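Q: Hey, can you work out the whole structure from these sequences and the hints?
Here's the letter readout for the chains.
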Amino acid sequence: MVIYFLAIMLFGTYFGRYTKNTSDFFFGGRRFSWWLITMSIVATGVGSHSFVKYSAKGFEHGFSSSMTYLNDWFFIPFFMFGWLPIIVYSKVRSIPEYFEKRFNPSARFLATILLLFYMIGYIGIGFLTLGKAIIPMLPESFYIFGSIIEITLMRAIIVIAIITGIYITFGGQTAVIFTDLLQGFILLFAGFLLFILGISYVGGGQEFWDLLPLSWKLPLADFNKPSSFNFVGIFWQDAVAGSVGFLFMNQGLLMRFMACKSVNEGRKAATINILFVLPLSAIVVGNAGWLGKAISVMDPSIVSPSTSPDEIFVVVASIVTSPGIFGFIMAALTAALMSTVDTLINATAAIFVNDVYRPIMKYAKKEYTDDKQKDKEELFAARITSMVITAAGVLSVLAFIQFPTVYEAHGYFHSTLTPPLVVAIFMGVFWKRFTPAGVITTFLGGVALMILGARFPEVFISPFDHGIEMNSDRPYSYIRAFYNLIVCVGVGVFVTMTTFIQNNIVSVIKKNNNSNTIMLILSVIAGVSFLLVILGSSSFQYIFPIFIIVFFPIIVTYYGKYDEELSTKGLTVYSINEGKQAFKGSKLNEKFGEKVEVKLQLSNHNEDEIMCSKNDLIKLGAAVGDLVYLSDKRKWLGGLKSIHSRFGKSHNEDGIVYLNKDQIDHGLFGNDKMLIAEKEM
Amino acid sequence: MDYFSHSWLPYMYLYGIGGIFFFSGVYIVWKTGAIDLNRPHHRTWMKVFFLGYAWFMIVHGLFTILALQ
Chain A
22 MVIYFLAIML FGTYFGRYTK NTSDFFFGGR RFSWWLITMS IVATGVGSHS
72 FVKYSAKGFE HGFSSSMTYL NDWFFIPFFM FGWLPIIVYS KVRSIPEYFE
122 KRFNPSARFL ATILLLFYMI GYIGIGFLTL GKAIIPMLPE SFYIFGSIIE
172 ITLMRAIIVI AIITGIYITF GGQTAVIFTD LLQGFILLFA GFLLFILGIS
222 YVGGGQEFWD LLPLSWKLPL ADFNKPSSFN FVGIFWQDAV AGSVGFLFMN
272 QGLLMRFMAC KSVNEGRKAA TINILFVLPL SAIVVGNAGW LGKAISVMDP
322 SIVSPSTSPD EIFVVVASIV TSPGIFGFIM AALTAALMST VDTLINATAA
372 IFVNDVYRPI MKYAKKEYTD DKQKDKEELF AARITSMVIT AAGVLSVLAF
422 IQFPTVYEAH GYFHSTLTPP LVVAIFMGVF WKRFTPAGVI TTFLGGVALM
472 ILGARFPEVF ISPFDHGIEM NSDRPYSYIR AFYNLIVCVG VGVFVTMTTF
522 IQNNIVSVIK KNNNSNTIML ILSVIAGVSF LLVILGSSSF QYIFPIFIIV
572 FFPIIVTYYG KYDEELSTKG LTVYSINEGK QAFKGSKLNE KFGEKVEVKL
622 QLSNHNEDEI MCSKNDLIKL GAAVGDLVYL SDKRKWLGGL KSIHSRFGKS
672 HNEDGIVYLN KDQIDHGLFG NDKMLIAEKE M
Chain B
791 MDYFSHSWLP YMYLYGIGGI FFFSGVYIVW KTGAIDLNRP HHRTWMKVFF
841 LGYAWFMIVH GLFTILALQ
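Going down the list, the protein sequences come from chains A and B. So the first sequence is numbered by the numbering used here: it starts at 22 and just counts up by one. So the second sequence is numbered by the numbering used here: it starts at 791 and just counts up by one.
No lab work stands behind these hints: they were computed from the structure. Here the structure is a predicted model, which means the values were calculated and not measured. Don't be surprised by glycine CBs; every beta carbon is placed ideally from N, CA and C. A portion of the hints provided could be inaccurate.
To be verified - Stretch-level coverage of chain B by chain A, calculated; a stretch enters the list once three of its residues show a Cβ under 8 Å from a Cβ in chain A:
1. 794 to 807
2. 852 to 859
To be verified - So, partial list: chain B residues that the calculated Cβ filter (under 7 Å) puts toward chain A:
3. PHE811
4. LEU827
5. PHE839
6. GLY842
7. ALA844
8. ILE848
A: Listed below in structure tokens is the structure:
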């Protein structure tokens with residue numbers, strides 16, 4: 022395992038050579054093929070839903086542990102033809118930036134805070150899982166330089182965090198994609214190897230099936246019991262909040278799709294991932310639990326039914342494999358977890374640089390000699406941020422350590438943190454009338470009502486509980502997502518539908534001579550109400566959300582300027598073609614063409630353009646000014662050596678493409694290499 | 791023992807409520823012109839949407855039938 026860790030670290034760091042600017046660091050230069058991204062997402066997805074927690078649920082409940090891997094399709098039309106083209110064509114680098122473009126800077130500020138909480142918490146969950154997986158394999162203590170060092174969960178997590186932090190810091194997104202690609206293959210292989218060995222251990226497929234009790238064979242959990250694992254709670258927490266969260270607000274996953282060479286390649290990657298790779302991943306991560314149950318039925322002295330669910334993966338792997346294979350499988354497990362964490366660290370750094378560092382530098386009126394210097398400094402900031410976020414992720418583990426299983430910790434986390442952002446993104450993209458007052462009040466009013474729900478679940482959440490029994494230690498871990506979604510949607514719809522009332526109130530206030538005083542009073546009441554809900558120190562806290570929901574829209578409408586036509590252009594599902602045109606910078610050319618093989622020639626032109634022959638342009642269906650994607654002919658590179666550019670003026674040498682030195686360097690093209698040119702749009 | 795609440799009830803809820811989200815999504819992207827059925831590869835994507843929905847319904851349905859047998 023030590024060798025494996027070192028190899029991965031070196032492998033990832035090697036790809037630092039492909040990182041020349043912040044675009045490369047965060048988006049890998051938007052150059053990769055769908056298959057490469059699909060495989061790299063495997064490691065991210067599997068890691069985040071981890072061997073540990075699904076094996077635990079597989080052991081306790083059977084095949085229904087796979088539910089969360091097979092319920093992501095419902096939102097795919099929204100994602101593939103709504104959110105994905107919007108984020109690519111609007112050239113936003115982070116989700117909060119979308120909020121500024123679509124609404125205003127205040128919406129971006131609140132989105133940044135919520136998203137950073139979400140991402141750092143997610144990293145914490147990843148580290149916790151990692152620690153729990155590794156601890157059973159390590160001795161309780163070891164001697165070094167004459168002193169005894171105890172191995173604790175937190176110490177193990179810190180060591181892993183340092184290793185992960187190193188290759189992210191130096192490698193960036195390309196390193197993440199390639200280490201995840203390698204680890205994706207390894208963990209799929211390791212998972213199926215364990216399954217095959219386990220089946221063979223219990224005597225074959227039929228025996229395995231017969232050993233499992235009926236309720237373990239059912240693919241969906243019981244509708245509403247037990248409270249720690251029930252279908253309806255997990256449906257709202259995972260299939261709805263989780264799926265939308267995963268596809269729409271997981272900055273790490275979005276950056277992976279944005280690293281695809283085109284929107285259509287992103288769609289292909291998402292489709293193959295959800296239709297085929299996730300179901301395979303469900304087997305990979307859950308089978309140790311299913312095998313554990315089968316073995317415990319066969320012979321309880323080998324696997325005791327009272328085995329800790331979070332340890333079942335390691336227990337089963339150690340029983341059904343030989344020591345060498347066991348080490349390999351454990352390395353794959355840790356690989357999966359590292360892959361999730363590395364993606365999240367890189368994504369969180371992207372949010373920080375884009376939504377905190379750059380606005381601060383802009384506010385401080387920082388001047389740069391040229392774009393290269395700016396890029397160099399931002400890249401340095403990104404690397405420092407990666408390290409700081411790694412440390413913050415380790416600290417956030419403390420918030421989740423109290424949960425009995427990682428699965429519940431993750432479910433609670435998702436139910437609590439995703440709804441406001443998920444609702445805000447969703448309504449922003451699919452509802453043109455959704456206003457800045459609506460989004461800001463969704464954040465603040467939604468959070469206030471969610472806090473009240475968490476504080477008084479028997480009052481607020483129980484009407485939505487679908488008959489799930491309330492566990493007083495961890496009330497409504499999953500179904501709280503339903504309540505949280507309802508209140509966030511409710512606030513957003515209410516505020517947007519009453520926009521005309523807010524406008525009337527604001528115009529009345531503006532006519533008043535004491536308008537500033539009135540607004541100051543309203544702001545203080547709304548702000549204090551929000552603080553009192555957070556602190557929970559007043560017995561009137563039930564009433565405070567009303568002040569928040571009524572006053573904040575008036576405050577936002579009074580101080581903010583909003584032009585619906587301008588603010589929604591290219592940023593909602595209604596105007597994707599306008600966004601596409603803005604991305605290109607000129608009229609779209611939808612003419613079909615074919616890919617053309619061309620030989621590279623060096624040219625000394627300065628513009629970011631490539632020159633093809635007239636005949637090649639006709640074959641490509643392209644015209645001067647159209648966007649082009651140029652890649653190495655070797656398809657197995659998956660676009661690693663490639664560039665995006667524009668078609669410049671044409672020449673008469675068929676099969677020849679002229680590139681300048683910068684383009685050749687950026688694409689890492691060798692001399693006299695054959696390239697493939699294709700029109701992007 | 792009655793397994794309805796462990797088998798077909800969650801199945802109906804999943805593809806009923808989930809279906810409302812799914813078909814709303816298909817309708818919205820079609821109605822807004824985000825997916826343009828005059829373009830051949832958009833038509834292919836539309837087919838993929840429905841086949842994908844059917845694929846998951848079949849997988850869950852088949853496993854439920856096999857388990858209950």
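Q: If you test the structure against every hint from before, which numbers come out violated?
A: 4, 7, 8
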